[in-house]
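Student: Here's the letter readout for the chains.
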Amino acid sequence: MLKINNLHAKIDGKEILKGLTLEVPAGQVHAIMGPNGAGKSTLSYVLTGRTGYDVTGGSASLNGEDLLDLDASERATRGLFLSFQYPLEIAGVPALTFIRSALNAQRKARGEDEIKAPDFLKLARTQAAALKIDFDMLKRPLNVGFSGGEKKRMEIFQAAMLSPRFLILDETDSGLDIDALKIVSEGVNAMRSPERSMLVITHYQRLLDYIKPDRVHVLAGGRIVQSGGPELALELEREGYDKYARAA
Amino acid sequence: MSLSSALETGEVSRLPGRRDEDWRWTDLRGLLKALPPRSAGLPSEELEAGAFDALGDDIRILAGGAETQAVVVDEDVETTVVLRFLSRAATSLQASVILHVGAGAKLTVYETYEGDGSAYVTNADLRFEIAVGASVERVVLASDGEEGILVSQAGVKLGAGSAFSQTIATTGARRQRLETTVEHPGAGAEVRLDGLYLLAGKRHADLTTTVRHLGVDGSTSQLTKGVVRDQSRGVFQGRIVVEPGADRTEARMGHHALVLSDRAEVDARPELLIHADDVQCAHGNTIGALDEEAIFYMEQRGFSEVMARALLIGAFVSEVADRLRAPGGRDVVQDWIAEHMEVVS
Chain A
1 MLKINNLHAK IDGKEILKGL TLEVPAGQVH AIMGPNGAGK STLSYVLTGR TGYDVTGGSA
61 SLNGEDLLDL DASERATRGL FLSFQYPLEI AGVPALTFIR SALNAQRKAR GEDEIKAPDF
121 LKLARTQAAA LKIDFDMLKR PLNVGFSGGE KKRMEIFQAA MLSPRFLILD ETDSGLDIDA
181 LKIVSEGVNA MRSPERSMLV ITHYQRLLDY IKPDRVHVLA GGRIVQSGGP ELALELEREG
241 YDKYARAA
Chain B
1 MSLSSALETG EVSRLPGRRD EDWRWTDLRG LLKALPPRSA GLPSEELEAG AFDALGDDIR
61 ILAGGAETQA VVVDEDVETT VVLRFLSRAA TSLQASVILH VGAGAKLTVY ETYEGDGSAY
121 VTNADLRFEI AVGASVERVV LASDGEEGIL VSQAGVKLGA GSAFSQTIAT TGARRQRLET
181 TVEHPGAGAE VRLDGLYLLA GKRHADLTTT VRHLGVDGST SQLTKGVVRD QSRGVFQGRI
241 VVEPGADRTE ARMGHHALVL SDRAEVDARP ELLIHADDVQ CAHGNTIGAL DEEAIFYMEQ
301 RGFSEVMARA LLIGAFVSEV ADRLRAPGGR DVVQDWIAEH MEVVS
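Just so you know, the sequences run in chain order A and B. Mapping the first sequence onto this note's numbering, position 101 (from 1) lands on 101, and the numbers just tick up by one. Mapping the second sequence onto this note's numbering, position 161 (from 1) lands on 161, and the numbers just tick up by one.
Hints may contain errors.
[To be verified] Short, incomplete list of chain A residues facing chain B, as computed with Cβ under 10 Å:
| id | residue |
| --- | --- |
| 1 | E74 |
| 2 | F81 |
| 3 | V93 |
| 4 | F98 |
| 5 | F120 |
| 6 | L121 |
| 7 | L123 |
| 8 | G145 |
| 9 | S147 |
| 10 | G148 |
[To be verified] So these bits of chain B aren't anywhere near chain A, every CB distance computed over 10 Å:
| id | residue |
| --- | --- |
| 11 | R60 |
| 12 | A289 |
| 13 | A294 |
| 14 | E299 |
| 15 | Q300 |
| 16 | S304 |
| 17 | S318 |
Because the hints were derived from the structure by calculation, they are not lab data. All C-beta atoms, glycine included, are put in the ideal place defined by N, C-alpha and C.
Looking at chain A on its own, in the form it has when it is part of the complex (with noise of 0.2 Å):
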C-alpha cells in the first residue's frame, strides 16, 4: 500500500526528514511515536503535499504510484486522507456543501459520476449518526465555532464519507476528552478493511488502547529508529523518548 525509501525532506532549508524507510501494507494499520520535533507532522505533511517542504531523496508510492510527483489535490483523488491536528475553519462553506463538493471534485477527477444528493444524505446522515454528530452542525460553516473534539469529530466524519484508501491521523487524540476519544476511535476502527491502511501519528500510547496497531515504530530525527508490534507502545510510555534522542 504505502512505501517510503530513504525519504528526506527539508523545510527553510533545514533538515526534517533524514532517510525514513517505512512500509504499510494494505489492511494494516502502523502507529508512528516519537518526542517533539522528530519530523512527525513534517512526514504526514510531505506525504500530503503541502507546499513548502522540499524533497531532497528517496521516494514514497501510493499502490504503486509515485506521490511525489503529484499535487496535494491529486494525492487527496488517489485516496490519500490526513486528519489534521488543527483542522481549519471555513467560513462561508457548509460543512455538507464542503464535503460534498470535496466528494465530487475527487470522484470528477477519478472519471466517476457526481454522487447523487439522496445518496449523499443518507450517507451523511448514517456517518453522522454514528459519529455522534448532530446533523444540523453539517449545516453550519465547516468547523467555524466548533469546539476543538467537534473538529476532530468532523475529521473522521469527512474521512468516512469521502472513503480514502490510506488515512494518516496526525494526532488525533490531541483536545479530546475520554468519551470523545472513545467516539473518534470507534469511528476511526469502523473504517478499518482489508484493503484499507492506516498510519497513526501519536504522542501518547492511550489512543493506541482505542485504535490497535498492527506496528508500532519510534520517529526520532527525522528516520524510524525502532519498529515492534503493539507492546513497544507500552514499552515507550513506561521509559519514555530519552534514549532515541540521545541516539539521535
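On the provided structure of chain A, position chain B as indicated by the hints.
Tutor: For chain B alone, kept in the frame of chain A given last:
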C-alpha cells in the same frame, strides 16, 4: 470642487483631487486634462436588455448629455424602478434623478452603470426624499469600462420610521466613486449600506458613505467587502456621525478586504464620530490575504487549487448578497457576482 461643477463649466480646475481630504484616494484633477464633449443622447445601436429590466415596473434610460428625471411614488404604493445610466463613445453624461417616496410607500430601485470601452466621464446625482414609514431598497450594479470615469453621488433624507437599504456591487473603472450621504432622523428609521468591490487590472473603486444621526432611536448597519488583485485599488471611506442628543443610536460598520497580489491596494478609513452618550456603536476593519493553510486543507480534501481559491473568495463575498432583501434583486446580484468572480480568482 465637484465633477458636476466641472462638467457644467468645462473647467478642469473645479475637479476634486488629492488636496481635497475626502478625495485624496480618488484624484480626478490629476487625471483629467480636458473634459469630453457631452453625449448627444441615446445610442443609435439596439440596446441590450438590462440586468434588471425584467423586474422593473418603470424603466428609465439616462444617456443624454445633461438630464434630470423625477420618480414620484405616491403614498402606500409599492413599485420597482430601474435606472440605467449609459456611458458611451468618449462623451460626458451628467444625469440627475430625484426620487420622492410618499408615506408608507415601498420602492425598489435597481440602478445600473453600463459603460463601453471608451474614455467617458459620467456624473450621476440622485436624491432620495423618503417620507414617514416608507421603505426603499436600492441595488446598484456598476459595470464600467476600464477607461471610464464615474462619479455617482446619492443623498438620502429619511422620515420617521422609514427604511433605506442599499447594496452596491462594482468591478471599478479607471476611476470610480460611488458615494452615499444619509441624513438619519433617528425616530425608528433603519439604514443599511452595503457594498462589494471585485477589482482586477488597473481598476479603481471608491465606496464612500456618510451617515449623520440627528435624532434618538436610529440604527445603521453597514457591511462592505472587497477583493483586489493585479494593480487595482479599492477605497472605503465610511463615516458615521452621531450628533449631540442622538441617543440610543445603534451603528455597526464593517469593512473587510482580501488583497490577492503585492501590487494591489486597499485604502480604508472607517470613522465613528460620536457626540452622544447613550449609543451602541462598533466598527471592524480587516485587510488580509487568502489563508494558504485553508487552501492546503481544501486541496487535501480533493479540491483543485483554483476551486479552493474560488470557493473561499465566493464565501467571503456572498455575505453581502445574502443581506439583500429583495429576492429578485438578490438573484441578479448573485449571478453578477458569479459572473465576475473569475476576474478576481
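Student: Hint by hint, which ones does the structure fall short of?
Tutor: 5, 6, 7, 8, 9, 10, 13, 14, 15, 16, 17
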